[in-house]
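> Its first residue numbered 1, the sequence shown is counted upward by one per residue in the working numbering.
Just so you know, the hints here were simulated from the structure itself, not pulled from any lab data.
Check before you lean on any hint, since a few could be wrong.
Claimed, not checked - FRET-style restraints, in silico, Cβ to Cβ:
| # | residue 1 | residue 2 | range |
| --- | --- | --- | --- |
| 1 | 610 | 567 | 52 to 60 Å |
| 2 | 123 | 416 | 53 to 61 Å |
| 3 | 73 | 610 | 57 to 65 Å |
| 4 | 589 | 610 | 22 to 30 Å |
| 5 | 567 | 589 | 28 to 36 Å |
| 6 | 537 | 570 | 31 to 39 Å |
| 7 | 303 | 275 | 19 to 27 Å |
| 8 | 380 | 303 | 40 to 48 Å |
| 9 | 603 | 113 | 32 to 40 Å |
Nothing here was measured: the structure is a model prediction, and the numbers come from that model.
Glycine is no exception: its CB is placed at the ideal position from the N, C-alpha and C atoms.
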Amino acid sequence: MNSKAFRRSGQPLARDTRDTWFLLAIIAAVVLPHLDHLPPWASAITGLVLGWRGWLAWRGQALPGRWALVGVLLITAALTWLSHRTLLGREAGITMLVMLMALKTLELRARRDAFVVFFLGFFLVLTNFFYSQSLLTALWMLASVWALLSALVLAQMPVGQPSLRLAATQAARTTAWGLPVMVLLFLLFPRIAPLWGLPSDSVGRTGLSNSMDFGAMAEIANDDTVAMRLRFEGPVPPPEARYFRGPVLGQFNGRTWRPAVMNFPGRSDALQVSGPALRYELTLEPQRISVLPLLEMSGEQAGALRQVEGLSLSRAGELQWQAGRPITERLRLDASAYLNYRHGPQQNSLVLQNYLDLPPGLNPRSLQWAADLRRQNRFAGLEEAQLTPLLVEAVLKHIRTADFSYTLAPGRYGENSPHLIDEFWLDRRLGFCEHFSAATVVVLRAMGVPARIITGFQGMDNQPQDGYWIVRNSNAHAWVEYWLPGRGWLRADPTAAVAPERVMQGQALRPAPGVLAGALGQINPTLWLNLRRSWEALNNRWQQQVLNYSRQKQFDLLKQLGVSQPDWTALGQLSAAVIASLGLFGAAWSLWQRHRPQDAWSRQRGQVLRELQALGLREAAPHQSPGAWAQLLHARFGAAAEPAACLLREQEAARYGRSASTQAPGWRERRRWLAAFREACQPCRS
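Let's have the full structure, built from the sequences with the hints guiding it.
Structural data, given as structure tokens:
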């Protein structure tokens, strides 16, 4: 009877249909995390193949022929080649693996075909680690492994129609037995780079860049995910000092800011620090840039080098920490900062001309505005050291008193004119931090003040989570540095002039909440925030205790276990001892299982047989049925054995009768039955 006939008769689906649908659902769950990495055609073909296979199972129709599958396979191989220009490597290999597993479902004619799908699924689950090692990914992988094991157990139950719940329970038990072994291997397996740093979590997401378009940072501010976590050894820096220095941008083409091209020789990165150092631990999420955003100002001079988890860092010009490649892995390091510092040349030099350049022919009205301000009588006759702070204050006062608005949605600038600064500074006056910083630098340069843009992060969450202070991508910020004779480079933040709460209280603008967050906010305004913080704290523990389980932590564990001088030899010896112990335990378990009844019914039969032999029924044998045992009892003890014989006949009916269940009773039920049987046997003992 096919599945359609079963459906019409009101009976459950045929087992083949049910098991096939269950396996197809598992495959869809395994493939789901890869949708972001697969070419669109691969996702579409996978969905069509799985849907087609489910429809064939529903209708009870024959599977396609082998040559049709070969043709589809050749087409997918050609599409993979066109998409990746290779059939080897990570991306092409995963694409082909997904396609092979999907196409293999069209060959599910025997149990061995299902086993191929199972093992392809296990391997595909493992490939998730190429892209992410997050807690959510780990939980999804664990659930996928459990589901695949459930399907594998189900395939080993050929008789009847065993329930999915029974298979899932057995798979969960098997998984639970394997977890301690997994934990031991995790703790003791040597940490060998780069095996523990393959994925590039969050690469390609919004974040800081080595350039800044006019209006681009508003996109970053919409990303409220964690950018980095900090734990301070001493006091936390005050809000006005929470600036994390990233890329320094000095070249402007009218729309985009990029690192300055040094047309004039010299150095502008001399550094003097004073006061106590503020020490902290930093965990940085993967970024798109090769500049490490550290708290201003770390004390190393330009040219200093550091090695952090296999990544080479150098203190480059303009006091940026430059990595040799983009930071595509989670990075953890110890750092220090000095809140009192001076940097840059003390006297005017040729190198400062690099920070006075402006694109010719652009923003004439803003340049004229700057020239008019510079010619005011109050600035006449002042020396440069006195004049520069007054000009900077005048620009900031204009931002405070004019009708400027700080907003995440200022609209697009430059659609009808190339003069973006003019449109912002004199017309619309709506902008985010990069609008204000870019306009301030242009105006200061027009008045002869060397200035540049610093991008990075500013501010942190108001309260720490699990001992860590959180800096989010929404804390991305741009501010200004201008040069003052006798002092060097000084920070000026025009955002603090228009929105002081952004800097002093760390209140970054937030986009409109999503549907779920909005619904929870209507019920309880703090519920969504508390849920997010709890998840981030849990995720941080996962990162610190699992992902950051380094070789040094492994050696520290050996010390706690009594190894005085931990090294690779001691680790290998301990690993060998653990593996040998596990092997001996497994062998002993197998030997015990060989002499032990393998199912609940058999164990209960053995207990009943021992009770009967204790009553003197030596003729009771293991091959006999409970009904035969009831007859022996009745023949030996007569009416006194009737209660016990009745229980035995009921057990035979429950096991072998028409309405017999395919599942054995639970251990509590078996224990109650055995107690009742022993009590019923009491008259036979007297």
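> None of the hints should be skipped; say for each whether it holds.
Cross-check of the supplied hints:
1. One distance hint, 52 to 60 Å for the beta-carbon pair residue 610 and residue 567, holds here, with the actual separation near 55 Å.
2. For the pair residue 123 and residue 416, the beta carbons lie near 55 Å from each other, so the given range of 53 to 61 Å is met.
3. At roughly 59 Å, the beta carbons of residue 73 and residue 610 sit within the given window of 57 to 65 Å.
4. Between residue 589 and residue 610, the C-beta spacing of about 24 Å keeps the proposed range 22 to 30 Å intact.
5. Residue 567 and residue 589 have their C-beta atoms about 33 Å apart, which keeps the hinted 28 to 36 Å range intact.
6. Distance hint check for residue 537 and residue 570: the Cβ-Cβ separation is about 34 Å, which falls inside the suggested range of 31 to 39 Å.
7. A C-beta distance of roughly 23 Å is found between residue 303 and residue 275, which places it inside the suggested range of 19 to 27 Å.
8. Checked against the given bound of 40 to 48 Å, the beta carbons of residue 380 and residue 303, roughly 43 Å apart, stay inside it.
9. Roughly 35 Å separates the CB atoms of residue 603 and residue 113, a value that falls within the hinted 32 to 40 Å.
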